[in-house]
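Protein sequence lines, in the order shown, are assigned to chains A and B.
Counting from 1, one number per residue, gives the positions in the first sequence under UniProt numbering.
Counting from 1, one number per residue, gives the positions in the second sequence under UniProt numbering.
These are computed hints drawn from the structure, not numbers from a lab.
Incorrect hints may have been included.
For identical chains, the list gives no copy identity; a pair is met inside one copy or between any two copies.
Claimed, not checked - Here are the computed lysine to aspartate or glutamate pairs in the DMTMM-like style, where the Cα-Cα straight-line distance is at most 25 Å:
hint, residue 1, residue 2
1, 15, 183
2, 125, 69
3, 125, 141
4, 212, 22
5, 212, 56
6, 125, 110
7, 212, 163
8, 125, 140
9, 125, 108
10, 15, 56
11, 15, 227
12, 125, 163
13, 125, 176
14, 15, 121
2 protein chains.
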Amino acid sequence: MVTVLKLGGSVITDKNTPETVDTRALAAAADALMSVSEPLVIVHGGGSFGHVHAAEHGISTTVGTTNWDGIYAVHAAMKRLNTAVLDVLHDRSIPAVPVHPLSVAERDRDGTLSLPVSSIDRLLKEGAVPVLHGDVIAHEEHGATVLSGDEVVTHVATGLSADRIGICSTVPGVLDDEDNVIEQIYSYDDVEAYLGGSESTDVSGGMAGKVKTLLSLGAPATIFGPEQLQPFLDGEAVGTYIDGSQ
Amino acid sequence: MVTVLKLGGSVITDKNTPETVDTRALAAAADALMSVSEPLVIVHGGGSFGHVHAAEHGISTTVGTTNWDGIYAVHAAMKRLNTAVLDVLHDRSIPAVPVHPLSVAERDRDGTLSLPVSSIDRLLKEGAVPVLHGDVIAHEEHGATVLSGDEVVTHVATGLSADRIGICSTVPGVLDDEDNVIEQIYSYDDVEAYLGGSESTDVSGGMAGKVKTLLSLGAPATIFGPEQLQPFLDGEAVGTYIDGSQ
Numbered sequence: 001m002v003t004v005l006k007l008g009g010s011v012i013t014d015k016n017t018p019e020t021v022d023t024r025a026l027a028a029a030a031d032a033l034m035s036v037s038e039p040l041v042i043v044h045g046g047g048s049f050g051h052v053h054a055a056e057h058g059i060s061t062t063v064g065t066t067n068w069d070g071i072y073a074v075h076a077a078m079k080r081l082n083t084a085v086l087d088v089l090h091d092r093s094i095p096a097v098p099v100h101p102l103s104v105a106e107r108d109r110d111g112t113l114s115l116p117v118s119s120i121d122r123l124l125k126e127g128a129v130p131v132l133h134g135d136v137i138a139h140e141e142h143g144a145t146v147l148s149g150d151e152v153v154t155h156v157a158t159g160l161s162a163d164r165i166g167i168c169s170t171v172p173g174v175l176d177d178e179d180n181v182i183e184q185i186y187s188y189d190d191v192e193a194y195l196g197g198s199e200s201t202d203v204s205g206g207m208a209g210k211v212k213t214l215l216s217l218g219a220p221a222t223i224f225g226p227e228q229l230q231p232f233l234d235g236e237a238v239g240t241y242i243d244g245s246q
Numbered sequence: 001m002v003t004v005l006k007l008g009g010s011v012i013t014d015k016n017t018p019e020t021v022d023t024r025a026l027a028a029a030a031d032a033l034m035s036v037s038e039p040l041v042i043v044h045g046g047g048s049f050g051h052v053h054a055a056e057h058g059i060s061t062t063v064g065t066t067n068w069d070g071i072y073a074v075h076a077a078m079k080r081l082n083t084a085v086l087d088v089l090h091d092r093s094i095p096a097v098p099v100h101p102l103s104v105a106e107r108d109r110d111g112t113l114s115l116p117v118s119s120i121d122r123l124l125k126e127g128a129v130p131v132l133h134g135d136v137i138a139h140e141e142h143g144a145t146v147l148s149g150d151e152v153v154t155h156v157a158t159g160l161s162a163d164r165i166g167i168c169s170t171v172p173g174v175l176d177d178e179d180n181v182i183e184q185i186y187s188y189d190d191v192e193a194y195l196g197g198s199e200s201t202d203v204s205g206g207m208a209g210k211v212k213t214l215l216s217l218g219a220p221a222t223i224f225g226p227e228q229l230q231p232f233l234d235g236e237a238v239g240t241y242i243d244g245s246q
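Just need the whole structure built from these sequences, with the hints factored in.
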């Protein structure tokens with residue numbers, strides 16, 4: 001059973017201080033991961049490492065740059081965070097291996113992402129835990145654009161036919177209009193009243209788009225807060241369970 | 001015209017001192033690269049960064065390990081050298097971008113290498129200079145094994161249909177029995193007398209295997225010493241020209 005786990009950048013970094021790891025939160029996450037014995041892919045966000053540099057160089061998922069010094073600066077910052085994550089995992093004897101999207105992914109003119117997963121699949125089968133991250137990648141006629149951690153999760157989960165997806169962020173799940181966690185979502189109709197119509201763009205911090213994307217995957221996804229990571233890994237029901245594959 | 005250039009590990013590092021860049025040699029190579037305006041892929045070897053760690057953990061191109069701490073140590077050392085190379089190139093405004101083989105390549109049970117080049121191709125077309133290196137990669141049923149810089153050159157040159165290949169090492173070319181540089185090689189028959197029969201293994205420091213591999217590519221390759229890098233890039237005839245595609 002292959003699990004793809006997103007560790008939000010806001011979980012493992014101090015978003016208010018440039019390039020600062022939240023060492024306590026990262027250690028807690030790593031402690032929880034020690035219990036995992038089945039195939040696991042980790043994807044972490046950029047937090048205070050990626051976003052500062054991306055903003056400085058005016059790069060987003062759609063707006064690119066051919067300033068390769070700037071691209072290299074964003075990538076190098078993401079690698080510093082990735083190395084911090086890897087080091088904490090290795091301290092706990094988790095067989096973590098870095099996989100950098102810039103090395104393997106690219107977008108065509110229409111923004112369609114190509115991210116071959118053969119190396120990730122092989123690493124998993126050999127017993128390693130690949131650790132990917134949000135990054136900058138080559139984009140046809142745009143130089144390079146940002147690849148978000150969420151996009152990595154979606155494409156890697158699909159490419160590997162993952163069995164479950166975990167999204168560990170600073171929110172405890174998808175919230176209704178009284179800020180209660182919605183336990184299960186099987187179609188967008190279940191949450192349209194809270195997140196906006198199916199045509200709406202991201203009115204609630206990107207949650208509408210996130211839910212739509214997760215509903216479109218072939219495997220169930222769960223959105224939960226950091227304190228729910230261990231129970232999620234143990235197979236317990238936590239946060240919001242999203243499954244559009246029924 | 002796409003050029004794939006190998007910078008030997010023995011050229012850019014001090015092979016006798018662990019993890020030591022030959023800063024003067026690296027700067028000279030980077031200075032020469034400033035003149036390049038056409039698509040260029042750089043591949044560097046491990047030198048005193050990769051080999052020490054690989055030997056310590058008992059890893060080679062055929063002998064693997066599932067000690068992921070060791071694999072991570074070898075990879076991290078290669079990345080330190082790669083960062084040193086990238087930094088020197090960026091100092092000279094060369095639009096260099098790192099591409100790490102561990103992220104993109106893997107071997108099957110028979111040792112056959114898979115190395116998708118879509119990301120490298122896109123980077124090239126967007127005007128970047130991808131910089132790859134020898135590395136450790138996942139290998140079916142072996143954990144991870146070493147991927148040599150020479151293997152990267154061969155596969156990337158083939159995958160990109162490169163127009164020319166440059167091998168910059170510490171030898172000035174392929175030598176005959178009087179240590180004179182052989183100027184041109186169009187078939188193995190031309191050098192069998194010096195390098196051994198076609199069935200021979202690497203009797204002269206790997207040169208026999210290297211020549212055979214380069215003859216099998218669809219593009220001409222040139223082997224030359226560091227002081228010939230600038231003339232090679234300028235299109236002059238230097239070292240040994242190897243072309244088996246006639």
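Evaluation of the provided hints:
Taking the shortest alpha-carbon separations for residue 15 and residue 183, neither the intra-copy value of 28 Å nor the inter-copy value of 59 Å comes in at or below 25 Å. Within a single copy, residue 125 and residue 69 get their C-alpha atoms only as close as 36 Å, which misses the 25 Å cut-off; across copies the closest is 17 Å, which meets it. Proximity of residue 125 to residue 141 under the C-alpha cut-off of 25 Å is restricted to the inter-copy arrangement: shortest distance 9 Å between copies versus 36 Å within a copy. Taking identical chains as interchangeable, the C-alpha atoms of residue 212 and residue 22 are never at most 25 Å apart, the minima being 30 Å within one chain and 53 Å between chains.
When the C-alpha separation of residue 212 and residue 56 is checked against a cutoff of 25 Å, the pair qualifies neither within a copy, at 30 Å, nor between copies, at 49 Å. Taking the closest pair of Cα atoms, residue 125 and residue 110 come within 25 Å of each other only across two copies (16 Å); inside a single copy the shortest separation is 33 Å, beyond that limit. Proximity of residue 212 to residue 163 under the C-alpha cut-off of 25 Å is restricted to the intra-copy arrangement: shortest distance 18 Å within a copy versus 45 Å between copies. Taking CA atoms no more than 25 Å apart as the test, residue 125 paired with residue 140 passes between copies only; the shortest distance there is 8 Å, against 32 Å inside one copy.
In the homo-oligomer, the alpha carbons of residue 125 and residue 108 lie at most 25 Å apart only across protomers (11 Å), although the nearest pairing inside one protomer, at 30 Å, exceeds that limit. In the homo-oligomer, the alpha carbons of residue 15 and residue 56 lie at most 25 Å apart inside one protomer (15 Å), although the nearest pairing across protomers, at 39 Å, exceeds that limit. With identical chains, the CA atoms of residue 15 and residue 227 are at most 25 Å apart within one copy only, with a shortest distance of 18 Å there and 49 Å across copies. Taking CA atoms no more than 25 Å apart as the test, residue 125 paired with residue 163 passes inside one copy only; the shortest distance there is 15 Å, against 36 Å between copies.
Neither within a single protomer nor between protomers do residue 125 and residue 176 lie at most 25 Å apart by alpha-carbon distance, with minima of 40 Å and 46 Å respectively. Taking the shortest alpha-carbon separations for residue 15 and residue 121, neither the intra-copy value of 32 Å nor the inter-copy value of 35 Å comes in at or below 25 Å.
Violated hints, listed in ascending order, are 1, 4, 5, 13, 14; each of the other numbered hints is respected by the structure.
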